[in-house]
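With the hints as your guide, set chain C onto chain S.
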Amino acid sequence: MNINFEVLKELYYRALRIRLIEEKIADLYSDQEMRCPVHLSIGQEAIAVGVCSALMVQDYVLGNHRSHAHYLAKGGNLKAMLAEIYGKKTGCSGGKGGSMHLVDLSVGFLGSAPIVSSTIPIAVGTAFGTSLKGDNQVTVSFFGDAATEEGVFYESLNFASLKKLPVIFVCENNLYSVYSPLSVRQPEGRNIVDIVRGIGIESLEGDGNDALQVYEMAEQAVKKARNGNGPVFLKFDTYRWREHCGPNYDNDLGYRTQAEFQEWKKRDPVNLLDVRLLENNILGRLEMDIMAETINSEIDEAVIFAKQSPFPEESMLLEDIYAS
Amino acid sequence: MDREIKYSQALNEAVDLSMAKDPSVYIMGLGVPDPKGIFGTTSGLQQKYGVNRVMDMPCAENGMTGVAIGSALVGMRPIMTHQRTDFALLALEQLVNQAANWHYMFGGKMNVPLVVRMIVGRGWGQGPQHSQSIQSWFAHIPGLKVVMPTTPYDAKGLLISSIEDNNPVIFIEHRWLYNISGTVPEEYYQVPLGKARIAKEGKDVTIASVSYMTLEAMRAAEMLATKGISAEIIDIRSLKPLDSETIVKSVKKTGRLVVADTGWLSGGISAEIIAKVTEQAFSQLKCPPGRIALPDGPTPTSQELSKYYYPRAIHIASSILKMLGHSPENIKETETNIPFDVPDTTFKGPF
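If you read the sequences in order, they're chains S and C. Each residue of the first sequence is one higher than the one before, starting from 1 at the first, in my numbering. Each residue of the second sequence is one higher than the one before, starting from 1 at the first, in my numbering.
The hints are simulated quantities; they were obtained by calculation from the structure and are not laboratory data. Virtual Cβ for every residue (Gly too), placed ideally from N, Cα, C. Worth double-checking, as some hints may not be accurate.
Not the full set, but computed from the structure, chain S residues with beta-carbon under 8 Å of chain C [claimed, not checked]:
#1 Ala113
#2 Val116
#3 Gly125
#4 Phe159
#5 Leu162
Bound conformation, chain S alone (with noise of 0.2 Å):
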C-alpha cells in the first residue's frame, strides 16, 4: 500500500490533538465548573478527523450531541470551545450553546445541535443553499447510528438523491444510542447502507477506527460530491470508550460488556496511527513526545483562558434572540 508520509503525520496530530483535549475535558470535569452535558468523542477520532482532513476550510460541517472531534477536526477555534463549555462569554457562542452548540464559522464549522436527525436537513440544506448559488462547497453532515432511525434522515436523504446535493453523510455507528444498543433499535441483518443505496445514494462502509482508510473515502466521496455527482452516504463502526455523556467510563452498568469494550480498545485509533507512523518510520518516539507536549501545553494555555475569560453579563440574557 502507497502511504502519503505527510497525510499519516497530519491525521495522527489531529487525532491525538482531540484525544488530549477530551482526556483533559475529561479530567476537569469532576471540578464541576464545566456546568454542561459534555458527550466525549473518545474512541471515534479516527472519523472526525479522516473526514475533515478531506475538506477544503471553505467546505461545511453541522455537527450533533456528540461535536467535540468534528468540530476540532475542522479547524474549530479550540480556545473558543473550551470557553463555551465552561459557559463564558469568550466561548464560540458566547456562552447560550454549551457544548453541545459549537459553531466556527471561519473555518466552516456551521453549527451543532443535540436533537437526534436534526442537523440533517440542515445540512441538505445548506448543500441545496450553494449549488442554488452556484458555488462549489461541499457539505458534511455528521451523525450517529441512532439518527437512521429518525424521520427526517429518509426525507433528507431523499431531496439530497432528487437534486443531487453536494453532500456527504457520514454515519458513526457506534453501537449504542445511549444505554441502547443496535439490536433493539433496528433488525438484525439488515444494513442501514443497503436502505440509503435504495434511496438513490452511493453508499459505502469502512473501519471506523481507521483513520486513513477514512481518509481515503471520504476523499473520493468529497470529489464526486464536488463535481456534481451527487450526495455520497459513508458508515463507519466505531465505539464510544467513555459514557454517553460525561467524562466517566460506565462497563460497570452492565449495558455492555466490559470484554466487548477491550476489543474495541485493542483497535484504538490513535494508537493504530501511532504504530503506523513507527512502523514506517515517519515519526520516532520521540517526535511523538514532543508532539504530544506541544499539543499539552496548547491545551493549558486553553483552559487557563476559559477559566479566566469574564461570564456573559445579566444585559446579554436576552440579546441576540433576534437578528437586526
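Showing chain C alone in chain S's frame:
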C-alpha cells in the same frame, strides 16, 4: 398606482416583487407551481423565475423546513408554503428547536431569514385537520415572529417585510380572506412587523381582533353603531412582536376591551393580550375584558355544527352590549342568503 385587487393576488405580488428585487429569494411548497398555485398566490411565478426558485417539493414538511433553514444559513431567503397550517405541524421540530433558536444559541453569529406561510382553513367541512388556528403556539416561541394580515394591503406589505426580515417569520393567512378585495399599490412597499393597525376609531369599547375576526369585528361595530355604541377596532396584524402599546392606548381611551381570535379560547393569544392590558391599564378598565374565540373543542365537519362553532359579529356585538349593561336581545343578526360554512356566495368548495 393603487387599484383594487384580491388578498390572494396581493400575496402573489409580494412574492413576485421580492423575487425580482432579490435573487436570493426563492419559494417552495407542495403544489407551489401546480395549476392551482396555492389558491393563486404562486401562479405564474415559475414561468417568470424558473424551476429552481419556484419549486414543488417532496411531501416532507419537516425535512424540507430543515433544507430551507440550511439554505438560509448560506445566504438564501426561502419562503415555504403550506396549504394548511395543520400540515406545518410536521415541521414543528425544525421550526421550534432549530429555526427559532439558531440565532441565539450560536451567540448571534448566524441568521435564519425564513418565511413560512400557513393557511387557516374554515368552513365547507374542513374539519379537525384542515382548519386549526394555532397562532398562539408559535407566538409562545422566542425567536419566531408571527404575522396575520387581514387586508390585501397588509397581506402584500407584511409579506414583503417578512421576506426582508432576518428571522424566521410564521406568516399565517386565512382562507376566508383570499377573496376579499382592497386597495393595493402596484409598487414594492413594506408594512412594518410588530405594529397593530387601527382599523376603525371609536370611543366606547376596544375590539382587538386577529385576522379574519377583524371582518367580523367590523360587522359587529356596524350593529353596535345602530345602538349608539362606538367601537374602536385594532387589527393586531403582528402577534409576535405584539404591539401591546397600541392596544393599551386604545383601552385607556375606551375603558373596555374585547379580544376576537380565530383560535381556541383557552391558552390563546386573547389571554395574552388581556394579561398585557390588565397589567398596564387595570385602573382604566371599566369592566372585565371579554374574549370571543373558538370553544375548546376540535373543529366539527358538519356544516350544521360549524354554525355553532365559529363565533360571528353577532357574538362580538352581544358581548359588548352586555358589557355596557344593555340587553343583548336588543340586537339581531341581519338575515343573509350566505350559508354559515362559506365566506361568500362565490365560494363553491372544495377547500
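Hint check:
1. At a threshold of 8 Å, the smallest CB-CB gap from alanine 113 (chain S) to chain C is about 7 Å, leaving the interface hint in force.
2. Checking valine 116 (chain S) against chain C: minimum C-beta separation of about 10 Å lies over 8 Å; hint violated.
3. At a threshold of 8 Å, the smallest CB-CB gap from glycine 125 (chain S) to chain C is about 2 Å, leaving the interface hint in force.
4. Evaluation of the phenylalanine 159 (chain S) hint against chain C yields a held restraint, the C-beta minimum of about 6 Å falling below 8 Å.
5. With a least beta-carbon distance of about 7 Å to chain C, the hint placing leucine 162 (chain S) at the interface is held under the 8 Å criterion.
Violation of the numbered hints given earlier is confined to hint 2; every other hint is satisfied by the structure.
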